[in-house]
Amino acid sequence: MPSADEAPAVRLAGVTHRYGRTAALDGVDLEVPAGAAVAVVGPDGVGKSTLLGLVAGVRRLQAGSVAVLGGDMASAAHRDGVAPRIAYMPQGLGRNLYPTLSVAANVDFFGRLYGQPAAERRDRIAALLRATGLDAFPDRPAGKLSGGMKQKLALCCALVHDPDLLILDEPTTGVDPLSRRRFWHLIEGIRTTRPGMTVLVATAYMEEAERFGHLVVMDAGRILAAGPTARVLADTGAATLEDAFAALQGRREPPGPPLPPRPAAAPENGGDGEPPAILAEGLTRRFGAFTAVDGVSFRIGRGEIFGFLGSNGCGKTTTMKMLTGLLPASAGRAWLLGRPVEAGDVATRLRVGYVSQSFSLYEELSVRANLELHARLYRVPAAAVAPRVDEALERFGLAAVAAARPAALPLGIRQRLQLAAACLHRPEVLILDEPTSGVDPQARDMFWRHLGTLSRRDGVTIFVSTHFMNEAERCDRISLMHAGRTLAVGTPREIRESRGAATLEDAFIACLEEAGGDGEPEAAPPAAPSAAVTPAAAPPATATSRAAHPGGLRASAGRLFAFAHRETVEILRDPVRVAFALLSPLLLLITFGFGISFDVEDLPFAVHDRDRSPESRQFIESFAGSRYFRERPPVSDDADADRRLRNGELRLVITVPPGFGRDLLAGRRPEVGFLLDGAMPFRAETTRGYVEGIVPAYAQDLARRTTGQTVAAAPVRVETRLRYNQDFRSAVAITPGVIMVLLIMIPPMLTALGVVREREIGSIANLSASPATVGEFLLGKQLPYIAVGLLSFLSLTGLAAVLFGVTVKGSVAALALGALLYVFAGTGIGLLVSTLVRTQVAAIIITAILCTVPAINFSGFLYPAATLEGAGRLIGTGFPALWFQTIAIGTFAKGRSFAEFVPEFLVLFAFGVAFLAAACRILTKQEA
Amino acid sequence: MRRWLANVARLGVKELASLAADRALSVLILYVFTVSVYTIATGVKTDVSDASVAIVDGDRSALSRDLGEALLPPHFRPPVAIDRSQVDPAMDRGVYTFVLDIPPGFEADALRGREPALQLNIDATAMTQAGVGGGYIRAIVQRESTAFLAARGEAGLPVTPVTRAYFNPNLERVWFQSIMAVLDHITILSILLVGAAVIREREHGTIEHLLVMPVTAGEIAAAKIWANGLVILVAAGLSIRVIVQGALGVPIEGSLALFLFGSAVYLFATTSLGILLATVARSMPQFALLAIPVFLVLNLLSGATTPVESMPPVLQVLIQASPTVHFVKLAQAVLYRAAGLDVVWPHLAVLAALGSAFLAAALARFRTMLAQAQG
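So the sequences go chain by chain: A and B.
Under the working numbering, the first residue of the first sequence is numbered 1, with each subsequent residue one higher.
Under the working numbering, the first residue of the second sequence is numbered 1, with each subsequent residue one higher.
Don't take each hint at face value.
Not everything, but these chain B residues come out facing chain A in the computed CB check (under 8 Å) [unchecked claim]:
1. L5
2. Y31
3. G131
4. Q332
Which chain A residues face chain B? A few, computed with CB under 10 Å, are given here [claimed, not checked]:
5. R683
6. L753
7. C920
If you're looking for bench data, these hints aren't it; they were derived computationally from the structure.
Cβ coordinates follow ideal geometry from the N, Cα and C atoms, glycine included.
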């Protein structure tokens, strides 16, 4: 395969890769000649993506060797060295794009990542967008593009740095045929202008692979054949690649028998008085300004298999949801079995079965339990449930896995389970939304045989959507959908013939061209993009940008800034995150400020005066006059006191005994009972303190009135000096601590989402494939959150001043520097957590617990740090919050100066550096 | 109606199965109602203990020594003798919450009946200790000096106050904290569990699947409410029996049955709120970002941390819309004060009304939410 005089671009030897116990690749040897265009074909799950990931250096090599562009990919130095020469586009529509970023901003981000100067980036973005026809809407968010356009944009991003090796993982899966064709034209154009570029493409569409010069045919982790396409076909003696694949697989059985024709009497349009199974008239659905389905009409006869053929996002799913009543139609009407579709129409639902695009049964219930739940909810009589479920298990070949959980089953079987569930209640109509998407050809074939039986034997009407042409061929009639509109309706043969096309795909493309695409402008003819994308557009710049890599502080800072800039734009586009970041701290400050109060006043009390003398009234008066107490109607007897304490009306009952006045005057020190509501100990303690304060004051007052002179009530006086908070207001004491708690709670939680989110979305592959280091990536992500933290610090201090009158008495500079370092350390914790966990939810919960528990309990928030002992002290000093609390209290309340906080600054900075360093160590660029 | 009940029952059983299959959540529930309740009840301090005290003893007399020795654990740490010049820097750094400054000649003046003054410096930023702890120290100083001077004639109050605390005679904080911890956890878990269940179903597409079946949104919501509510109710009940009454030895005077009934009504309100929040959020992380401030606010302003009557009047009115406020009042009345249905029925009525309002709003948003998921 390789020519003798040229080193191969890619060479794999004995590569084996496992995920747990399953081997994705099993002893693979492969050579890809430089400058070749190679298609890796095979059904889903045979190891194509793993292979490409290893070549791109995105996955960690487990066994064997991979050499790319003249070096060993096991060496990190080589990987970093060749990263700028490789472009990798992961699987999934726009998987490496940032959906909230605009078209231009996406390409710009990649340009920055590769250290291109602004002018060069501008030229390149313009050239690439022009070449792909995306220049008409550079400002549209990537998430709002159609599938085909997303892939073109992803290609732009991949090509922005002129790679020598272009790796595309299933770039056209789920894209409409016209866009698919245009995409390949684009690639061909680029190849003619850059003949040296090696292109490695994975695809599940066999017919697409045929246009490539070289083929790699894979199945079950092994390479069945590799070499020039013509030779592979000749070796197997097959006419088409599909046949060749079946031959290589050793599967010689012919595809399922063709469907028997529908009985002639079958009323296509329900002409004999019976209404059609499904009737849609001008169905339209808008989401905001976007029209997902635009005036779709069709009529499906009973027992017919009606197919909806179209790309991802063309409105198939939305149409089906309107038919099931899940989504109300914006305009138009639909009838199911002669009845108008209404959300609440239970009677019709009993006659319809539905299979959604993704698996939508309960993963946590067994196969049998899922079927039983369905049977019962569909009101199958109790006695009939078990036999009906058994029958379904038998019929759909699920008996062997009845006890298994769906999560453990292959996709093909799961889809069969969904079909079985949808058929349990013997519906008259089945609505199936892309039921075979992602399922391998064999399982698909079997699935369609089931559909055939259901239609022909049981007379079930089947409305099914697909983006596979060969599945569309098996329908009685199909409707071609694109951009929310139907382009043509008829039998597959009618549609082919009406366009004079050999295949359904050609017919579809003809229809699409006739309809003028989806508003997606025709990309420039193949020659044009090549001209536009040639290095000629900016050749010297390419040289400089490559030279700048990978060393150079400037390049590094540029990439760091690229990550920071992108993260910032993403945060700004997510209203929930912005609200959480900026509003929730304020809300919580108000809540804490008012909610945590140790000011106990206006305690309701009542008196049980059993003496009723002038002395007793005077005594009571000393309480009623206090601002701490508020008098309620007197208590009549013990039962009354009991009742009113019990229902929470009173917090204190004062019982004055009979003969109080007499005993008082006689100096017999009568006892007065104070009955406290002890339900809330803090309040009771405080109340007791008030009582103990009022009684001596009364005594002094009494002495002055009786003897006419001031008498010492006690032998000594205690002069209390309340320092730092003369008015003893909770707000003054609590607010600095609240700011401390909120700054360690909110920014870290948001940061924690950062890395995990990219992992869930898949855009972390950009880090893996780029020349950026983990440190640049993490710090770039951290910077915007530090800014968020500082913003919320400013708003919190502002609110504290306005609302609670709590202002900084000491060094403002110290507080600001402390807050900066504290937020740096806190967001570092967030980064660290997010490198350790797998899901966003786990990241949020773990960060919340990890940060708030020590901040609230062990950092001197409610309880002075000086009282901490043992483990609490260790936790406290081992966490940034305690150190910032010292700064916050010191500057807000105590008026301390800048220099006094130097140790705190140093410790906080050390925390930040340590967390960031740990995160850098843990996060690896490569995936397993 | 029978069909409605049957569907709700079946879906609820499914909900229980889902919950049982989720290891992490099961562990979380267990942890929260056992370890967490225990540690909060015993660990979180709201009263004065281990307060750090320093004494500037300018008198060095028998009386000043007595005063120092009278400040005892568990309220106070052994006082540290410091110099007057150290007072400001040490208090600035927060080393001591209280500094007692006894002037020279203090004992002599006391003996002569000159009523000498000593100064008590309090770090008033340590709110939890400053007020009550300061009161303790003042009382201790008076008591000790009175005792010291006892031989020299008498000084005392004309009235003998006898204080007695009802419901919690020794004002043990564990009695209070343990129950309030259970209430806090009921709030957090009920919102999280139900909300997460709705979002999980939406992310997996199972909720759409249900809505295509002859099942109504109301049935789905009702099933989630009863199933998750039941789990939390049982866990909370066991927590009170085993952890609060058992391990912590807190006596409960009132009717546990009435409390659990009140909890059930409260759970109806919070689980409905959880569903409502889940219909607003678009993903699990968004839900978490929404739910965390919500339950923090509910719990902090519930009256379990600070009495409602200590809050600003406007806030007191506003928080009447919080189910947690009514639940805390109900729980305190029933469990601490052994109040009966005659006392707590207004709270029950408010909880039921709030729950119905949340549920109505959630159901109204249900289909909008599905439409949003598409766009």
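These are the hints, each one checked on the structure:
Residue-level restraint check for B:L5 is violated (minimum Cβ-Cβ distance to chain A is 13 Å; threshold 8 Å). A least Cβ separation of about 11 Å between B:Y31 and chain A goes past the 8 Å threshold, and the interface hint is therefore violated. Checking B:G131 against chain A: minimum C-beta separation of about 6 Å stays under 8 Å; hint holds. Against a cut-off of 8 Å between C-beta atoms, the interface hint on B:Q332 holds, since the closest Cβ of chain A lies about 5 Å away.
About 6 Å separates the beta-carbon of A:R683 from the nearest beta-carbon of chain B, less than 10 Å, and the hint is met. Restraint check, A:L753 versus chain B: the minimum CB separation of about 6 Å is within 10 Å; hint holds. The beta carbon of A:C920 comes no nearer than 24 Å to any beta carbon in chain B, farther than 10 Å, and the hint placing it at the interface is violated.
Of the numbered hints listed earlier, those contradicted by the structure are 1, 2 and 7.
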